[in-house]
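Which chain is which? The protein sequence lines are A and B, in order. Here the first sequence is numbered in this note's numbering, starting from 1 and rising by one per residue. Here the second sequence is numbered in this note's numbering, starting from 209 and rising by one per residue.
Incorrect hints may have been included.
Said to hold, decoys possible - Simulated restraints on C-beta separations: (1) M55(A) to D604(B): 50 to 60 Å; (2) K100(A) to P458(B): 53 to 63 Å; (3) Q336(B) to I166(A): 16 to 26 Å.
To be verified - To give a feel for the contact side, a few chain A residues facing chain B, derived at Cβ under 8 Å: (4) M40; (5) V41; (6) G60; (7) L61; (8) D62; (9) P65; (10) G68.
Calculated directly from the structure, the hints in this document are not laboratory data. Quick reminder that beta carbons are idealized off the backbone N, C-alpha and C, glycines included.
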Amino acid sequence: MKTTSSQSVLLATTEVSLPRQPQRTKSPVSNGIVGMLIFMVTEAMFFAALISAYMVIRAGLDEWPPWGQPRLPVETTAFNTLLLLASGLLMAYSRALLQKNKILEGRQWLGISILLGTFFLISQGNEWVQLINFGLTVSSSVYGGLFYLIIGAHGFHVIGALTVLIFAWNRLGASRNPITPEGLFPLQIFWYFVVCVWPVLYVLVYLT
Amino acid sequence: MSQEAATVQTDIHEEHHEELNFLHKYILPTDHKIIAMQYIFTGMIMAIIGGYFAYAFRMQLAFPGELVPFYGLVGPGEYNMLVTNHGTIMIFWVAMPVLIAGFGNYIIPLMIGCDDMVFPRLNRLSYQIFLVSALVLILSFFVKGGGFGGAWTSYPPLSSAAEYSLTDWGSSLWVLAVALEFVSFLLGGINFITTTMNARAPGMKMMDIPIAVWFIVLAVILFMASVGPLIAGAVMLFMDQRIGTTFFLPSGGGDPLLWQHLFWFFGHPEVYVVLLPTLGIVADIITVFARKKLFGYRTVLYTAFATGGLSFVVWAHHQFIAGIDPRMANVFVVTTVLISIPLAEMMFSYIATLYGGSIEFKTPMLWALSFLAAFLIGGVTGIYLGASALDVYFHDSYFVLAHFHYTFFPITIIGMFAAITYWFPKMFGRMMNETLGKIHFWGTFIPFNCIFLPLFFLGLAGQHRRIYNYNHFPDLATQELQDIRVFATASLVVMLFFQLIFIYNFFVSMFKGEKAPNNPWKANSLEWSIPSPPPHGNFKTLPTVYRGPYEYSAPGRDLDYWPQNEPPEKS
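Based on the sequences and whatever the hints tell you, model everything.
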């Protein structure tokens with residue numbers, strides 16, 4: 001399809017409204033948002049499975065964390081959690097600005113939100129390096145395996161979300177092939193999901 | 209979008225029809241019809257591989273230890289690989305791509321009256337990932353140690369450690385292929401649901417959507433809601449195999465039962481994921497060829513909702529002997545037996561549709577009716593297996609095997625042939641040969657029963673699954689039982705032979721068949737109002753829908769059908 005699309009990069013659509021034709025009733029929710037919400041359901045089930053796997057395996061063991069395994073850094077990660085939550089709030093703020101058609105300002109806050117997300121990722125990566133040095137690896141125990149599985153799965157989602165957001169940030173307000181605030185919104189929903197899942201995982205893996 | 213911009217876009221769209229070169233039309237298409245063909249053809253090639261595997265291991269069972277013609281010697285490990293991959297291929301690479309991705313792609317935009325899927329590029333990506341997954345699976349047969357042999361359910365620790373499975377890379381590539389395939393259908397599923405929600409033709413209300421489209425969309429919703437846990441499980445299994453985690457290894461603190469729960473939480477809805485599209489296609493076919501309104505459109509629809517909901521709470525009936533709490537087993541017995549109620553209701557609706565109709569026995573109708581008959585046997589035997597007391601005896605016996613083949617064969621093979629013979633005129637613009645079609649039908653349906661009915665009796669005699677040579681078991685190596693095995697295998701060979709007639713008929717009709725009119729079956733739904741095959745962009749002008757899809761033999765009309773897009777007469 002060569003038709004230029006007003007929708008986002010990933011969710012390009014062929015909404016061709018032909019002239020002199022019976023018009024489709026405009027659906028209340030756009031294609032991009034519906035598609036993303038369906039995807040979120042699948043993602044939620046994916047994380048629900050990881051969480052239940054964590055609880056099942058943990059319930060089968062007497063000692064948690066197992067003997068000789070390092071404890072997780074609760075305070076540093078609490079700070080990271082705040083970073084990520086702030087990023088989510090700023091994303092909402094930029095959405096509000098974009099809706100009022102303040103593209104430049106909205107783009108600026110979107111950039112800051114992406115930056116905070118990147119800090120979260122770097123800080124988490126730094127934490128992983130230290131944990132590996134302390135002897136917590138995927139094969140050191142099922143405790144380590146679950147930690148890297150769950151936190152790693154979330155990390156991959158952060159990386160994926162940041163990549164598409166940076167791509168979209170670059171095209172927001174660009175002169176050639178720009179992305180509209182409406183086209184951006186599904187990607188922002190994805191970011192909200194990534195942000196909202198994190199506190200649950202933090203409480204489950206780090207605090208309890 | 210302003211009106212001007214819309215016009216410009218339309219012009220580009222119209223011009224674009226001429227520009228499509230071979231590469232963009234057939235190799236990298238965004239047209240839903242071409243993508244559908246890609247899925248259907250890939251699925252049919254995989255079906256040939258799956259059928260060939262079935263031939264090889266059935267020959268081994270009938271004539272243990274002898275050379276199989278066109279195959280060679282089947283060793284124990286190879287036997288396991290053949291049965292595992294037969295199951296995997298038939299469910300994930302035949303039933304899913306042909307019925308859901310293939311026909312879903314083909315009929316959803318045509319039946320709801322829109323030009324294409326709403327995310328055409330996502331659709332193309334979906335097929336490309338699917339193709340890669342099929343290639344990865346085929347590759348897994350040729351790596352060192354051979355293909356994976358731990359059954360399509362791949363229970364750990366057999367599947368998670370190379371020292372047990374003896375197929376180091378075979379099992380990893382198997383998991384990888386399955387995971388890739390799910391990602392592919394995930395993308396396709398997002399497309400199907402969004403298209404049906406947002407892109408219906410003007411005037412098409414929820415209750416005007418053909419049952420075939422409804423059921424494919426419901427199946428996709430079930431799939432989307434259940435696939436997450438299996439993807440999580442597949443990632444964990446892959447990590448167990450490759451980087452030394454111990455999620456499913458009891459020696460390392462893991463829990464092997466966890467995999468069974470993750471797998472069957474997906475695996476049981478999956479049964480209904482492949483069942484619902486065929487039920488929907490059958491509903492459309494029997495109304496067209498009985499020339500009668502579908503009995504209880506809403507009832508059929510709501511029973512499908514009930515089936516879908518219940519399918520999420522029945523999964524542990526696969527684990528009655530896996531060591532789950534007997535009190536929990538009781539709960540799952542109740543839910544499992546409950547799920548037969550909505551399905552029985554649906555069957556009664558279909559039979560009531562046939563009652564009093566003027567039935568034409570065209571090939572698609574024969575397939576649809578044989579589906580109802582065969583699936584009934586599969587469904588009824590399922591009730592025995594759902595009761596935990598009986599399942600303790602039947603578990604993993606040939607009774608189970610015959611039961612699920614009596615469900616999956618009608619769903620996959622009969623459903624596929626019903627859909628192909630019904631939509632063939634629309635897809636290729638030519639009619640299929642009726643005589644050859646009928647010979648093929650009887651040549652498939654009778655041997656099918658000859659293969660699987662005897663297997664019920666083998667199962668009742670205590671024959672266990674997944675054993676490559678029964679000569680090692682004195683109780684099972686008797687002449688009577690061996691005769692039944694030979695009979696089943698001979699029937700399989702006969703059935704495979706008759707498939708050659710289908711392949712011949714398919715290709716000869718595609719190129720030399722009689723030209724098909726727009727509406728050869730005199731059906732109501734929107735896809736029959738446009739030329740066969742439909743042009744790029746499907747509809748010249750968006751159709752307006754005035755009524756439901758099943759208005760056959762409406763009183764006070766001369767014609768016995770009433771197309772959905774025909775404006776009502778002004779009185």
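We went through each hint and held it up to the structure:
Distance hint check: the CB atoms of M55(A) and D604(B) are about 29 Å apart, inconsistent with the given range 50 to 60 Å. Evaluation of the 53 to 63 Å hint for K100(A) and P458(B) yields a pass: the beta carbon distance comes to about 58 Å. For the pair Q336(B) and I166(A), the beta carbons lie near 24 Å from each other, so the given range of 16 to 26 Å is met. Taken as an interface hint, M40(A) does not check out: its beta carbon lies about 10 Å from the nearest beta carbon of chain B, beyond 8 Å.
Annotation: interface hint on V41(A) holds; nearest CB of chain B at approximately 6 Å, less than 8 Å. Annotation: interface hint on G60(A) holds; nearest CB of chain B at approximately 5 Å, less than 8 Å. Interface hint at L61(A): satisfied, since its Cβ lies 5 Å from the closest Cβ of chain B, which is below the 8 Å cut-off. Contact between D62(A) and chain B, as hinted, is not supported at the beta carbon level, the nearest pair being about 10 Å apart and thus beyond 8 Å.
Violation of the interface hint for P65(A) is found here, the shortest Cβ-Cβ separation to chain B being roughly 11 Å, above the 8 Å cut-off. This hint is violated: G68(A) has a C-beta 13 Å from the nearest C-beta of chain B, more than the 8 Å allowed.
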